[in-house]
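Asker: Residues per chain are reported as follows:
2 protein chains.
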Amino acid sequence: MKNQTIFFPKPVYISETATIAGPKESEGPLQKYFHYCLKDDLLKQKSHEHAEIKMHTAVINQLLQRAHLSAKDIDCAFAGDLLDEIISSNFTMRETDIPFLGVYNACATLAESYILASSMISTGLIKNAVCSVSSHFATAERQYRYPLELGSQRTPLAQWTVTAAAASYLTSEKSDIKITCGTVGKVTDYGVSDANDMGGVMAPAALSTLLAHLKATGTSPTDYDLILTGDLGHSGSRLLVKLAEKEGVTLGTNYTDCGILVYNREGQDVGQGGSGACCCGLVFNSYIFKKMKEGRLKKVLFMPTGALLSKTSSLQGESIPAICHAVSIEVE
Amino acid sequence: MKNQTIFFPKPVYISETATIAGPKESEGPLQKYFHYCLKDDLLKQKSHEHAEIKMHTAVINQLLQRAHLSAKDIDCAFAGDLLDEIISSNFTMRETDIPFLGVYNACATLAESYILASSMISTGLIKNAVCSVSSHFATAERQYRYPLELGSQRTPLAQWTVTAAAASYLTSEKSDIKITCGTVGKVTDYGVSDANDMGGVMAPAALSTLLAHLKATGTSPTDYDLILTGDLGHSGSRLLVKLAEKEGVTLGTNYTDCGILVYNREGQDVGQGGSGACCCGLVFNSYIFKKMKEGRLKKVLFMPTGALLSKTSSLQGESIPAICHAVSIEVE
Chain A
65 MKNQTIFFPK PVYISETATI AGPKESEGPL QKYFHYCLKD DLLKQKSHEH
115 AEIKMHTAVI NQLLQRAHLS AKDIDCAFAG DLLDEIISSN FTMRETDIPF
165 LGVYNACATL AESYILASSM ISTGLIKNAV CSVSSHFATA ERQYRYPLEL
215 GSQRTPLAQW TVTAAAASYL TSEKSDIKIT CGTVGKVTDY GVSDANDMGG
265 VMAPAALSTL LAHLKATGTS PTDYDLILTG DLGHSGSRLL VKLAEKEGVT
315 LGTNYTDCGI LVYNREGQDV GQGGSGACCC GLVFNSYIFK KMKEGRLKKV
365 LFMPTGALLS KTSSLQGESI PAICHAVSIE VE
Chain B
65 MKNQTIFFPK PVYISETATI AGPKESEGPL QKYFHYCLKD DLLKQKSHEH
115 AEIKMHTAVI NQLLQRAHLS AKDIDCAFAG DLLDEIISSN FTMRETDIPF
165 LGVYNACATL AESYILASSM ISTGLIKNAV CSVSSHFATA ERQYRYPLEL
215 GSQRTPLAQW TVTAAAASYL TSEKSDIKIT CGTVGKVTDY GVSDANDMGG
265 VMAPAALSTL LAHLKATGTS PTDYDLILTG DLGHSGSRLL VKLAEKEGVT
315 LGTNYTDCGI LVYNREGQDV GQGGSGACCC GLVFNSYIFK KMKEGRLKKV
365 LFMPTGALLS KTSSLQGESI PAICHAVSIE VE
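Residue numbers (the numbering used here), protein chains in the order written: chain A, 65 to 396; chain B, 65 to 396.
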């Protein structure tokens, strides 16, 4: 490890992905890239938590189908989500026969799982893995903020938690798209305590990891076709650009954010854009993955960001720590 | 990976440990082995959550002190706990300068972190890591069951969540005690929905991982000086012995459980014994680690078990999934 960065000795391939998008996400600009679009967000379940679990379970089954594999072919599953005690992942995993390692770094969880799975695959300890995440607007809102039934007014800096599940199949078997290195983030806390301002909370974490990654790899932002943060949204992304500028790093037109890409800001009433553990999963595993497959993007720095709060820490008046992990993903 | 089991190509050493024990734990039979004993469980904080975070932060500082290291010497921290969104770990990590990967498999979290850290150290991706967990009776009771202020009567199968924090320093540098392999558990669910009967919930998970581990390693229970489950407690341990017997595996006098060891059942009013993410951490990192250092135990199969519920899943009437990871730890 050099400057927080792990260079994988052999490339690890993302050979297949699957996504399930909620109804609102399916009305957004990326609809045609999603593998499956939901018409309602309750999936005929008795609670939104059950719906999220059903969605998470379904996306893993779809991934295995698309990769022509069954559960017994998979060495390990790395999964996480935003629900207390990651129950979406836990209850999904009881439906499969795959050894399970639960991970949690909020909306940075997918990058964390990529780094862990790649570490084990690249060194031959395991031959493959499934990495998956889910999030759901209704479960997240009532857990972190207010039950939807209250009809609370949204604040100007609020983002919209993406309802989706995404899964990736990582393997040592050669295919088109590979993970070459990963930068493990440190926890930052700049004192923001507004549980609606996720972009403001997470931008400093993204900066910290970006600087560490560029230093470790000896690269500059222009070396990437795309630098893609997880879910800073419009305000958080602008903040990151300004913070980076102060450090002498220019984020230009090759920088954007999954929270910006996932919705039409005009007309979808999503405030600063998308957020949630699966915001980055939904965008990367569909739209970006396809662009890479087509060779239209060759080198992507994928930087999911996470806000490490809980309802309890918010109610106790705590400020919000954040983290960001970066993964360099390239066309072979 | 063979039969859920990862064999580490080079041994990974647990070269130092640290433990902080709560007041009740410090009145138990293992008191003289703990590195630090608390006199009160609030640590002059304004909430028990803050107390747990303070304890978790302190145990990492103590570990670094004992190992004559500073945060900048550590490549990576793997941490988890029972609080929603693992805030004990998150808020601890904002106080350090160590790259952080958050993990969650309930009370099996310490074994999960040993497997992940060992995978990365053994293959040279990182040189060392800190693995840490915490749990607190007051925070866990009010989160998973009832606030203590209610004075609810405890059920016959209830266990007592251990108030403690534990941290381990894992490194590729040779010392006395090494991790040789780890078995990643699958999620089991036998339909138990009683959030007080943790032993009943987790015993089948322990059985599943035990059988997988013995098969993968070609060992039998008598090959180990000690087989040590995490926190099945008295009733859960008896259940595991019976379940194993049915599978033709005899767990004899070399089998016990951290939840049994940590308290005096007579006089401490702890029901079926200890539980919590740090039950196994407190016992292993003090008592067992010392016995291994002295050569009185040479080969230990360490099997922390976790119940993957949340308050929400319990209130929604769900049964409780469980998991167990096994780590084989030997004197060099």
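A couple of the hints might just be wrong.
Since the list gives no way to pick out one identical chain from another, each pair is judged satisfied if it fits inside one copy or across any two copies.
[To be verified] With a cut-off of at most 27 Å between alpha-carbon atoms, the simulated BS3-like pairs for lysine-lysine come out as follows:
| hint | residue 1 | residue 2 |
| --- | --- | --- |
| 1 | 279 | 96 |
| 2 | 191 | 66 |
| 3 | 66 | 354 |
| 4 | 136 | 66 |
| 5 | 238 | 103 |
| 6 | 108 | 355 |
| 7 | 136 | 103 |
| 8 | 110 | 238 |
Since the hints were made in silico from the structure, they are not lab data.
Asker: Okay, which hints does this one fail, numbers in order?
Answerer: Hint check: 1, 3, 5, 6, 7, 8 fail, others pass.
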